[in-house]
Amino acid sequence: MLRAILKFLHVLNSEAEPGQISLALAFGLITGFTPLWSLHNLLVLLLVLVLRVNLSVFLLGTAVFSGIAYLLDPAFHRVGLAVLTAQPLEGAWIVLYNSTLWRIERFNNSIVMGSLLISLALFVPTVLALNWVIRQYRARVLASVKRLRIVQALTATKFAQMYRSYSNLGGGG
Amino acid sequence: MKWIRWPGLIAFVVVVAIGLAVWWLVVDRLVEHGIETVGSKLVGAKVELGAADVSFFPLGIELKRLEVTNPDEPMRNAVEAARIAFGVEALQLLRRKMIIDEMTVDGVRFNTARKTSGAIVKQADQKKPETGGPTFSLPALDLPSARDILAKEDLESLKAITAVRADIDTAREQWKQRVPELPDKAKMDEYKRRFETIKSSRKGGVEGLLSGAGEAAELQNAVKQDLDRVKGAREDLARDVAALKHRVEEAAAAPEADVKRLKEKYALSPAGLGNVAGALFGGEIGRWTAMAATWYERLKPTLAGVSKTGDKPVEVKPLRGKGVDVRFPEHHPLPDFLIRTARVSVDIPAGIIAGQVHNITPDQDVLGLPLVFEFTGDNLQQLRSVALHGEISRVNPTKPRDAITLNVDGYRIEHAVLSDRPEWPVILDGAQANVDLKAIIAGDALDANVNSHLSGVRLSTGDQKTSGRLASALASALADVKALNLEATIKGTTQNPDVRVTSDLDRVLKDAVGKLVAEQATRFEADLKVAIAERVNGPLEDLKKQLAGFGGLGEELASRSEALSGILSSAKFAPKGLKLPF
Chain A
1 MLRAILKFLH VLNSEAEPGQ ISLALAFGLI TGFTPLWSLH NLLVLLLVLV
51 LRVNLSVFLL GTAVFSGIAY LLDPAFHRVG LAVLTAQPLE GAWIVLYNST
101 LWRIERFNNS IVMGSLLISL ALFVPTVLAL NWVIRQYRAR VLASVKRLRI
151 VQALTATKFA QMYRSYSNLG GGG
Chain B
1 MKWIRWPGLI AFVVVVAIGL AVWWLVVDRL VEHGIETVGS KLVGAKVELG
51 AADVSFFPLG IELKRLEVTN PDEPMRNAVE AARIAFGVEA LQLLRRKMII
101 DEMTVDGVRF NTARKTSGAI VKQADQKKPE TGGPTFSLPA LDLPSARDIL
151 AKEDLESLKA ITAVRADIDT AREQWKQRVP ELPDKAKMDE YKRRFETIKS
201 SRKGGVEGLL SGAGEAAELQ NAVKQDLDRV KGAREDLARD VAALKHRVEE
251 AAAAPEADVK RLKEKYALSP AGLGNVAGAL FGGEIGRWTA MAATWYERLK
301 PTLAGVSKTG DKPVEVKPLR GKGVDVRFPE HHPLPDFLIR TARVSVDIPA
351 GIIAGQVHNI TPDQDVLGLP LVFEFTGDNL QQLRSVALHG EISRVNPTKP
401 RDAITLNVDG YRIEHAVLSD RPEWPVILDG AQANVDLKAI IAGDALDANV
451 NSHLSGVRLS TGDQKTSGRL ASALASALAD VKALNLEATI KGTTQNPDVR
501 VTSDLDRVLK DAVGKLVAEQ ATRFEADLKV AIAERVNGPL EDLKKQLAGF
551 GGLGEELASR SEALSGILSS AKFAPKGLKL PF
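Going line by line, the protein sequences match chains A and B. For the first sequence, the numbering used here begins at 1 and goes up steadily by one. For the second sequence, the numbering used here begins at 1 and goes up steadily by one.
Quick caveat, the hints were computed from the structure, so don't treat them as lab data. A hint or two may mislead.
Derived EDC-like pairs (lysine to aspartate or glutamate); straight-line CA-CA distance at most 16 Å [unchecked claim]:
id, chain 1, residue 1, chain 2, residue 2
1, B, K176, B, E555
2, B, K46, B, E73
3, B, K322, A, E105
4, B, K2, A, E17
5, B, K322, A, E17
6, B, K185, B, E414
7, B, K199, B, E218
8, B, K97, A, E105
In silico negatives: residues of chain B with every beta carbon more than 12 Å from chain A [claimed, not checked]:
id, residue
9, S145
10, H331
11, I339
12, R421
As the structure is a computational prediction, the values presented were derived from the model and not from experiment. Every residue, glycine too, gets a C-beta built ideally from N, C-alpha and C.
Using the sequences plus the hints, can you model the full thing?
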């Protein structure tokens with residue numbers, strides 16, 4: 001976990017495109033929120049590997065959002081069940097239910113449906129919001145932080161040495 | 001910046017390939033673990049699998065040495081199978097449906113020994129269905145003495161006498177209170193005196209005549225009223241005495257009823273010999289029925305089915321934290337689990353019985369077909385042939401109906417202990433049986449009939465320690481039996497089956513020892529009569545004396561009635577030529 005955090009900090013403070021970081025976290029949101037062994041997560045994995053997004057951030061995001069998902073399961077269940085039992089959508093669900101691909105996807109499970117809908121709904125806002133935050137951080141916070149005495153003191157610690165050695169090895173996505 | 005990295009595609013393929021390889025490596029163990037876990041949960045005892053082998057082209061599974069523990073006997077397997085192999089429809093499996101066209105089950109054996117206990121920790125408050133078999137008992141051959149019986153039995157006649165005595169006491173108390181309220185000698189003397197006074201004080205003239213007549217009429221009315229009261233009391237007394245007399249007669253007859261009851265309870269009557277076959281064979285049939293009922297009840301939830309794919313979406317209750325699967329109508333409905341045909345070979349001690357089971361599914365209503373099975377075996381070791389056919393229908397879940405027929409031909413029975421009672425052991429040393437069984441379970445109602453013919457019968461009564469005349473006669477009669485027919489009817493419910501067994505063995509025994517039993521019963525009855533009379537006669541005599549005490553009371557009331565009538569008839573005041581208006 002420490003290694004993952006170090007990677008994240010390295011990426012955050014590097015010249016990497018904010019979009020690479022925010023998109024990786026947004027994909028992590030989907031794989032973290034929804035049950036891991038779902039068909040759509042295979043598609044997410046394909047996108048993460050083919051698109052130039054940061055893999056370390058994606059893995060960290062998946063782990064963090066999985067923890068949050070455990071707390072949000074009741075909400076996912078309620079949303080999913082409401083959508084699956086909505087009368088106007090019944091015809092569509094019946095069509096999907098009779099399709100093998102969608103049965104593999106387990107769309108008819110309340111938690112799969114609820115978590116997928118919520119993570120998809122949060123996907124674009126997450127990307128946009130994170131892009132803005134990263135840019136603001138790099139423009140305003142990073143330089144100030146580096147000038148802080150406490151930070152200068154911390155850079156002499158073992159943690160900082162690990163961080164530098166990791167950076168020198170060229171780790172990251 | 002370029003947003004696409006094509007090597008990522010290769011990485012994706014590699015990752016997926018690694019994932020599939022890992023799954024391929026562990027899938028056998030996953031299947032094994034899944035079967036053991038789910039099976040153990042369903043059965044309530046350990047279900048163990050030697051090995052599972054999953055093949056992919058074509059998709060199929062082979063299971064080796066499946067053992068299902070008998071939850072009632074953890075050191076024995078209820079059933080075990082040496083090999084189970086089947087192919088799975090891959091496309092349906094992707095739709096989460098296990099559809100098996102053909103399954104082969106070899107080396108099925110029942111009730112085999114286990115090396116280790118197959119018990120699992122049972123949950124509290126887990127109650128088994130009550131399926132205790134009916135009990136049968138042989139009639140006693142050695143009779144206890146009448147006095148010993150009376151020492152431990154309550155006599156109904158004594159209870160009746162005590163009750164009547166209490167009633168007589170109550171009635172006597174009531175009459176003790178009532179009689180003093182009736183006109184007594186003093187009152188009658190007063191009436192006489194008043195009449196005399198009226199007679200002696202009669203005045204002359206019309207005025208005097210009318211005045212005397214008025215007083216006389218008033219007095220006569222009072223006497224009449226008292227006379228009516230006494231007459232009413234006499235009638236009430238007569239009624240009470242009659243009722244008590246009837247009760248005393250009933251109490252006097254009660255010892256006879258006691259004799260009859262105790263005789264039926266303790267003595268071996270000719271009628272008691274009428275169900276020896278039930279006592280000898282009914283226990284075993286009852287045990288088989290109870291065992292079959294237990295397994296039937298255990299399998300019932302599996303047969304009932306849980307999934308429904310009707311016209312409306314249905315929510316299926318999930319495990320905690322797993323969400324719910326909402327089911328929708330399917331264009332081509334299929335059960336979630338279906339074995340279209342299972343070819344099964346069963347190893348029994350006599351050899352191998354082979355058969356087929358069709359349409360194994362918990363969702364018969366979805367499939368629209370019942371489960372049917374047929375097994376046959378020929379030229380077996382102790383069995384000429386056996387045929388089993390059956391149908392388990394849950395096509396209409398509200399009207400479940402199961403039917404089974406079993407035909408066993410030439411089954412050799414050796415050394416079957418029918419009664420292990422030391423005073424009357426009965427062993428079937430040998431016989432050849434033909435058995436026809438038909439059973440139907442509609443809902444909970446059970447209706448079964450077993451017809452069997454036993455030939456070449458060799459019955460022995462072992463080494464009897466108390467060989468009285470009756471026991472010897474019975475042993476001799478049983479030894480002469482060479483063939484017998486046995487019919488059992490099983491009705492009631494699967495939880496509470498009622499087994500009745502009839503046989504021509506009963507008639508044989510009745511003919512052989514009926515006279516002896518009748519003599520023994522007569523002696524026993526006479527002894528009982530004497531012993532009961534000793535205890536009952538005294539209290540009964542007391543009762544009669546108590547009742548006789550009411551006779552004096554009746555005479556007293558009669559005497560008062562007569563006296564009052566006399567007073568009334570002697571009271572004549574009317575002068576000649578004048579008619580009084582009373």
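Do the hints match the structure? See the list:
Between the alpha carbons of K176 (chain B) and E555 (chain B) the distance comes to roughly 15 Å, so the proposed pair stays at or under 16 Å and holds. For the suggested pair K46 (chain B) and E73 (chain B), the alpha carbons sit about 11 Å apart, so the restraint of at most 16 Å is met. Taking the CA atoms of K322 (chain B) and E105 (chain A), the gap is near 15 Å; set against the 16 Å cutoff, the hint holds. Between K2 (chain B) and E17 (chain A) the alpha-carbon distance is near 11 Å, which keeps this suggested pair within the 16 Å criterion.
Distance check on the hinted pair: K322 (chain B) and E17 (chain A) sit about 38 Å apart at the alpha-carbon level, beyond 16 Å; violated. Proximity of K185 (chain B) to E414 (chain B) is assessed by CA-CA distance (about 93 Å); at most 16 Å being required, the pair is judged violated. Only pairs whose Cα atoms come within 16 Å are accepted, and K199 (chain B) paired with E218 (chain B) is accepted, the gap being roughly 14 Å. About 14 Å separates the Cα atoms of K97 (chain B) and E105 (chain A), which keeps this hinted pair within 16 Å; it holds.
Every beta carbon of chain A lies more than 12 Å from that of S145 (chain B), the smallest distance being close to 78 Å; the non-interface claim holds. The beta carbon of H331 (chain B) sits about 5 Å from the closest Cβ of chain A, which is not more than 12 Å, so the claim that it is off the interface is violated. Chain A leaves I339 (chain B) outside its interface by the beta-carbon criterion, the shortest separation being 21 Å against a cut-off of 12 Å. Distance check for R421 (chain B) against chain A: the nearest CB is about 63 Å away, which clears 12 Å, and the non-interface claim stands.
Consistency with the previously given hints fails for numbers 5, 6 and 10, ordered from lowest to highest.
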